[in-house]
Amino acid sequence: MLEIKNLHVKLEEEDKVILHGVDLSIGSGQVHAIMGPNGSGKSTLSYVLAGREGYTVTQGSVSLLGEELLDMAPEARAAAGLFLAFQYPVEIPGVGNMTFLRTAVNAQKKARGESELTAGEFLKLVREKAKALKIDADMLKRPVNVGFSGGEKKRNEILQMAMLEPRMCILDETDSGLDVDAMKLVAEGVNALRGAGRSFLVITHYQRLLDHIEPDFVHIMAAGRIIKTGGPELALEVENNGYTGLLAEAE
Amino acid sequence: MAVAAAKADALAAHIAGLSFDGAGWLGAARTGALSRLTAMGLPVKRDEYWRYTNPTTLTDPEAPAAALFDGGDEPMEFDGLDRVKLVFRDGVFDADASDDPALAGIEISRLAEAAAADIHWARELYGVLETRGQTPVERPLATLNSAFSTDGVLIRATGAAQRPISLIYHHESETSDALLHHCIKVEAGAEVTVLENGPGAARFNSVMEVDVAAGGRFHHIRAQGRDHQRRAATHVFARVGDGALFKSFTLTANGRLTRNDAVIELVGDDAVAHVAGAAMGDGDFHHDDTVFVTHEGQRCESRQVFKKVLKNGAVGVFQGKILVKAGAQKTDGYQISQSLLLDGDSQFLAKPELEIYADDVKCSHGSTSGAIDEVALFYLQSRGVPKRTAQSLLVLAFLSEAIAEIADETIAEDVRARLEGWLQRHEH
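First to last, the sequence lines map onto chains U and X. Per this note's numbering: the first sequence = residues 28 to 278. Per this note's numbering: the second sequence = residues 9 to 436.
It is possible that some hints are incorrect.
Cross-link-like lysine-lysine pairs, in silico, BS3-like; alpha carbons within 25 Å at most [unchecked claim]: (1) X:K395 / U:K137; (2) X:K395 / U:K180; (3) U:K255 / U:K37; (4) X:K338 / X:K255; (5) U:K151 / U:K168; (6) U:K168 / X:K395; (7) X:K359 / X:K53; (8) U:K255 / U:K180; (9) U:K137 / U:K161; (10) U:K136 / X:K395; (11) U:K255 / U:K32; (12) U:K180 / U:K151.
Coverage of chain U stretches by chain X, computed from C-beta distances (three or more under 8 Å per stretch; other residues unrestricted) [as the list claims (entries may be wrong)]: (13) 92 to 102; (14) 134 to 147.
To be clear, the hints were calculated from the coordinates, so they are not data collected in a lab. Predicted, not measured: the structure shown is a model, and the values here were computed from it. Just so it is clear, CB atoms sit at the ideal spot from N, CA and C, and this is done for glycine as well.
Whole structure, please, built from the sequences with the hints as guidance.
The following block contains the structure:
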């Protein structure tokens, strides 16, 4: 699904290298988790994959379903099946949540040469998906993320994911700022989307999210590299012992 | 004295070619206006409220030529609405193209015809609100209009109008210079919507005096036409009575020079006045909103919402004032002026002012200039929305607070469609 090879990334405006050669291969239907201390480059990796400006790839390549990802505009990556659930979902005053969702869904369909949803079809679909995430009609009517609580914003991200049906989902600290109930709701939303044709990359600080979204592989990232890969037990090791031992081991 | 002499000279040169009609009740009003105008002279760039906008091309004796604009097969603004149409071509009324102005609850007459009547309700209004609007800041171009206007529409609503009155201004000669003067009286409890659209002329000077009596409701929606080279100086003078509502929205897309003055007095208690504008300029575009709202009555609400989208060296100006007189307690005043600069060449000049003489009031004002929010843009793109569509969505979102001031959803939708069309034609 997603092949990251020897990815080196620096900040565009400073001579600061963030990623020092990341290798990661995510198979179809797999769930991978990346854990790591602050500043290890986890969020940068997610932004670079989604195509945010401000980063320069100095070496390496990324392919999604066999297509070279790094040459594509962000919207083309989305249409090709990539989705990033933001750590800090953006507020957009003046753009209604429904308008936003419908524009996004139909833009992707159009880019893929599929027929667009009619107003009626869209409404039916969004109501059904929103209900499962306990998103009420009012939240759909309001401007995108404006006045939403932390939990509402994260649920709104998962709603977008459910509507867009991406192939490769990246969740950037989706658990941050969530209470236990909200985290369960978000995890249920994610689990409902798990399946053979869809892969996940879950970026998190804490093991507890992985209790709800069980990964196939856990990677530890430090100083811009993946220093260790294991199964779900690796997340438990981090939870119990912290990163210090793992970092020392990698030195 | 040099300034005064320059003003007087400019006036003498300007009016030398205009014909003056001093006959009848209207002539008396014109004579009064001419004498006030002679005392003021025409505006010059040194005047406090003309510092950001050079008035020269508005005061020159001849209107600068403005090429005619071909809008292609796109319909004019508001064409889809059920309305009473009154058409002017370069300021000249076209009866054949106009509807019969018979509309329940509404009296409509032309200024040129009303002037011949011995007595007419409009004599209580013509030049009267314009005169009140000269203090504390002189607006000589409005007085020029009162003295020399060639025609206009007089509308008196005594009940709820069933259809909007739509004034359509065509520009048909490259050097046309038109002065139209409208008076609108909304009697107690009555309601009317007036639409204006089109450029009017190569140079268009308009005055609209609106008197809204107790409990009356007046809606004004204007689209100033897409002509790139037209110039306009427009003036809206309003007096709003007890519990009455006044709402005015202006869409300006293109035009070399636009100066829109709005002077609104909330004279009754519990009155509401909202004045808003959305302007889009690309290149040789100078757009100036100069707005004065005066609170006299108690518990009145006023809102000024002005948004400008500027690119390729376009210039936007906002001069807005909320004046709260002593005794206008519980005033709720709001003023926002914002520009979205789509590149580094464009400019927004703002002069927001509050002047408050009452002690129990709530007034807020804000003015900002900014670029497209790159984070929001990336967020939209990351969901698959193409960059240009995302930019257009964000521009419309920026303008949405102004468009929200249009009460009628059909008209608001028409305005939104205009804006989307403009954005498509002027892709970033």
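Quiz item: Given the hint that X:K359 pairs with X:K53, does the C-alpha gap stay at or below 25 Å?
Solution: At roughly 16 Å apart (the allowed maximum being 25 Å), X:K53 and X:K359 satisfy the hint.
Quiz item: Would you say the region 92 to 102 of chain U counts as covered by chain X, given the rule of at least 3 residues with C-beta under 8 Å?
Solution: holds (count 3)
Quiz item: Do the alpha carbons of U:K180 and U:K151 lie within 25 Å of each other, as the hint requires?
Solution: holds, 22 Å
Exercise. Given the hint that U:K255 pairs with U:K32, test it: the Cα-Cα distance must not exceed 25 Å.
Key: holds, 16 Å
Quiz item: Straight-line Cα separation of U:K151 and U:K168 no greater than 25 Å?
Solution: Satisfied, since the Cα-Cα distance of roughly 15 Å is no more than 25 Å.
Practice problem: Apply the coverage criterion to the region 134 to 147 of chain U and chain X: a residue qualifies when its Cβ sits closer than 8 Å to a Cβ of the chain, and three qualifying residues are needed. | Solution: holds (count 3)
Quiz prompt | X:K395 paired with U:K137 [C-alpha distance capped at 25 Å] | solution = holds, 14 Å
Quiz item: When you check the alpha-carbon spacing of U:K168 and X:K395, does it fall within 25 Å?
Solution: holds, 23 Å
Quiz item: Taking only the CA atoms, is the gap from X:K338 to X:K255 under or equal to 25 Å?
Solution: Holds. X:K338 to X:K255 sits at ~20 Å (cutoff 25 Å).
Quiz item: Keeping to a limit of 25 Å between CA atoms, is the pair of U:K255 and U:K37 held or broken?
Solution: Given that 25 Å is the threshold and the Cα spacing comes to 22 Å, the pair holds.
Exercise. Could you grab the alpha-carbon distance between X:K395 and U:K180 and see if it respects the 25 Å cut-off?
Key: Roughly 23 Å between the alpha carbons, so the hint for X:K395 and U:K180 holds.
Quiz item: Does U:K161 lie within 25 Å of U:K137 when you go C-alpha to C-alpha?
Solution: violated, 29 Å
In summary, the numbered hints that this structure violates are 8, 9.
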